[in-house]
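Spelled out from the first residue to the last, the chains are:
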Amino acid sequence: MLDSIAGLGRFALRFVERLGRSQLFGLELLRALGAGLARPRLMVEQMYSIGVMSSLITVVAGLFVGMVLGLQGYYTLSDFGAEDSLGQLVALSLVRELGPVVTALLFAGRAGSALTAEIGLMKATEQLSALEMMAVDPLRRVLAPRLIAGFLSMPLLAALFSMTGVGGGYFVAVGLVGIDPGSFWSQMQSGVDFHDDILNGVLKSVVFGAVVTWISLFEGYDCIPTSEGVSRATTRTVVHSSLAVLGVDFVLTALMFGE
Amino acid sequence: MTNRGVEIAVGLFVAIGLGALLVLAMQVSNLGLAERGEVYRLTADFDNIGGLKERSPVTAAGVTVGRVTAVEYKMDTFSARVTLEIQKRYDRFPMDTGASIYTSGILGEQYVELNPGAEEEVLADGDVIGLTQSAFVLEELIGRVLLNRAEGG
Amino acid sequence: MLPDRQISANVSADPRNTWVRIRGLSFDRGGYRIFDRIDIDIEYGRVTAVLGPSGSGKTTLLKLISGQLTPGAGCIEVGGRVVHDMSRSGLFALRRSMGMLFQSGALLSDLDVFENVAFPLREHTALPEALVRQLVLLRLESVGLRSARRLLPSELSGGMARRVALARALVLDPEMILFDEPFTGQDPISMGVLVKLIRSVNQALGITGVVVSHDVRETLSIADYVYVIGEGRVIGQGTPQEIEQSDSPWIRQFVQGHPDGPVPFHYPGPSIADDLFGDGG
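Protein chains in written order, with my numbering: chain A, 791 to 1049; chain B, 660 to 812; chain C, 10 to 290.
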C-alpha cells in the first residue's frame, strides 16, 4: 500500500522534473531561433520533410471531414428546415475548429513522430554530441530550423484542410443532397467573418504548430539513446502533442470566441 | 531528392497553402463582400434591437447596402442607438426613410432593412433616421396572444 | 586561419609539458561514484591511453575533459585553463582545438563523406570553396578514403566511418584528439588501419592523443603512457612495458584477460549449497 503511494510520488516528481526540463529546453530553443532563421536552406529542407510530406494526408482527411460535415449537418438542419445554412455550418466548423485541430493531430502523428525519431536517432548515434564537440550548437543548427519549419507549415496545412473540407462539403451539399449552390455560398459568406473566424483559425494553427514541434523536438532530444528509448519517445510525442493541442484549443477558443 | 527539387516542392507547398488561405478569405468569409470605396454614417434609435449586433447587414429592397458598425445604449432616451455605415454610392435615401429590424428566416440573424420614403431631401453623413421599427421579440408576441385569448374567450 | 603546427620533436623533448592536468576528479552518476578523486596527466605531443573494463567511465572521462560534463569535485585543466570555469564561447573555442572520435564515428547522416569532413571548415571558417575542397581531399587521402567521398554514412562500414570521422576531426588542425574506443568491434584489418592512423597522426603531426579503450594489445602497441582505471580509481600507470610487467593482481588480470581474479567470475551472493538446498529465491 505504502509502495504504491511512494510509486505515485516518484511518478509525480519525474513528471514535474520532465516538465521543467521541457520548459528550459523551450526557452533555449527560442533563443536559438534567430540562428535558425539565418539558415534558409536548412529551413527549406525541413519545410519539405515536415510540410510538403504531410500535405497528402491533410488534404485527404480534409476532404472526408468536409463531406461528413455536409452529411451530418444536413440530417440535423433539415429537422429545422434550415438546410440553407449548411454552407455556414460546414465552413465555420472547419475554419474555427476542425481545420486547426485535426490538422495538428494529424501533424503530430505524421511529422511529429518523424521528428522525434530523427532527433532521437541523432542522439543515439552520438551525432548531437559530435556537433557539440565540433563547437556547433545543435540547438541552433539542427533544432531551431525544424521549429521554424513547424510553425510555418502548420497554418498552411490547416488552410489546405479547411479549403478541401469546404470543397467536400460543397460536393455533398450541392452534388449529393441538392441544396442550392447560391444559398450555400451566400449564407456561408455572410456567416464567416474574416477577422473573427479565419484569422483566429490561422492564429490557432500557428500556436499548435509551435506546441507540437516543440514537444516532438524535446522528446527526441531528451530520449534515452537506445532503440527502445527512441521508439518510446515517438509514442510519447504523439500522445503528449495530441493532449496538448486539445487543451490549448480549449483555452484559445474560450479567449477568442467568448463574448 | 535533388536540392532544386526540394526547393520547388516547398515553393509549391507554400504557394498552394497561401492560395488556400486566399480562397478561404475571399470565397468563404465575408471579406469578399467588404465594401469597396467610401461609406457615410447614419444613426437610428430603436426601442429594442433584439439580436442585432455589429457587422449585421443593412439592406434596402433586400440588397446589402451597408453594415451596422456600432450599437450603444442611450441613458437619456432609454433607447438603443445604432450606427450604420452605408456605401457612398447609395447616397439618395430620402429624409423620411424608415429603418426596421427583421430576422432572416425563422432562426437566422437579424438585419436592418431601409424603407425609402418620399421626401425630396436626402440623408447625408451624420443624419439620424427618424422612423424606426424595433425588432420582433417572440416573448411579447406570445404574451399578446395569450392576453387576447384570455380576454376574448 | 589555421594555427601553426609545432614540430613534434621540439615539444615532446620536454616531459613536463602537461597539456591536460586532472586533479582530484570526482564524478557521480545515477547514484554511482564513477570517479573517486583521480589524478591524470596527459603529456603534450604524446599518446596517452586510459585502459579499463567496460562501464568504468572511460567515455565519461572524455566528456569531462571536453567540458560536456561538469565534475562533482576536483579540477580539469586543458592548456592551463580550467575547463568547467569557461564561458560558453570559451568552451567552444576550446573544442575547436580539440577533436573527438566517437565510437560509432558519429557522422551526420544527411551529409555525404565529403560534406561531413568539410563541415567544421564551413561552420568555423570563411575559406573559399576551392581551398575547402583541397583541404578535405587531403585529409581524406591521409585516411585512404578520398575516392569514397560521395558515399553516404549509411553506405560505409564501421571502420570506414571511423576513418572519415578521423579525417573530420583533423581538418581544423587540432592540438589534441580524444579517441573513444577506436578499436572496439573492428576486424583485424580495420584494426590495423586505425592503429597505423593513430600512430601517424601523432608522429607526423605531433597531435596529442588520448585513447580510451579496453582493447589491451592494440592500445599498448601505440601508447607512450598508460593509465589503468577500475572502480573509480587509477589502479596503475606507466609505460606499456611497465604495465605488462606489473605485479598488481588487478592489472595482471586485466592485461592478460584472466576470467577470475580481483574482478570475480561469480556475481556476489550466497554459496551454491545454500541456493540449492536452502529455502527461498
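Keep in mind the hints are simulated off the structure, nothing from the lab. Glycine included, each C-beta is placed from N, C-alpha and C at the ideal position. Each hint should be verified, as a subset may be incorrect.
To be verified - Restraint ranges, calculated between C-beta atoms of paired labels, are given here:
#, chain 1, residue 1, chain 2, residue 2, range
1, A, Leu820, C, Asp284, 53 to 61 Å
2, C, Pro268, A, Val1029, 45 to 53 Å
3, A, Pro1015, C, Gly88, 28 to 36 Å
4, C, Ser163, A, Pro971, 39 to 47 Å
5, A, Leu820, C, Gly278, 23 to 31 Å
6, A, Gly871, B, Gly664, 37 to 45 Å
7, C, Leu140, A, Ala1044, 54 to 62 Å
8, C, Ser230, A, Gly797, 18 to 26 Å
Hint check:
For Leu820 (chain A) paired with Asp284 (chain C), a C-beta distance near 58 Å keeps the hint of 53 to 61 Å intact. The hinted range of 45 to 53 Å is satisfied by Pro268 (chain C) and Val1029 (chain A), whose Cβ atoms lie roughly 46 Å apart. For Pro1015 (chain A) and Gly88 (chain C), the Cβ-Cβ distance of about 30 Å falls inside the hinted range of 28 to 36 Å, so the restraint holds. For Ser163 (chain C) and Pro971 (chain A), the Cβ-Cβ distance of about 54 Å falls outside the hinted range of 39 to 47 Å, so the restraint is violated.
Remark: the range hint 23 to 31 Å for Leu820 (chain A) to Gly278 (chain C) is contradicted by a beta-carbon distance near 52 Å. Here the CB-CB span from Gly871 (chain A) to Gly664 (chain B) is close to 53 Å, at odds with the stated 37 to 45 Å. Checking the proposed 54 to 62 Å range against Leu140 (chain C) and Ala1044 (chain A) shows it holds: the Cβ atoms sit about 59 Å from each other. Range check, Ser230 (chain C) to Gly797 (chain A): Cβ separation about 52 Å, and the 18 to 26 Å hint is violated.
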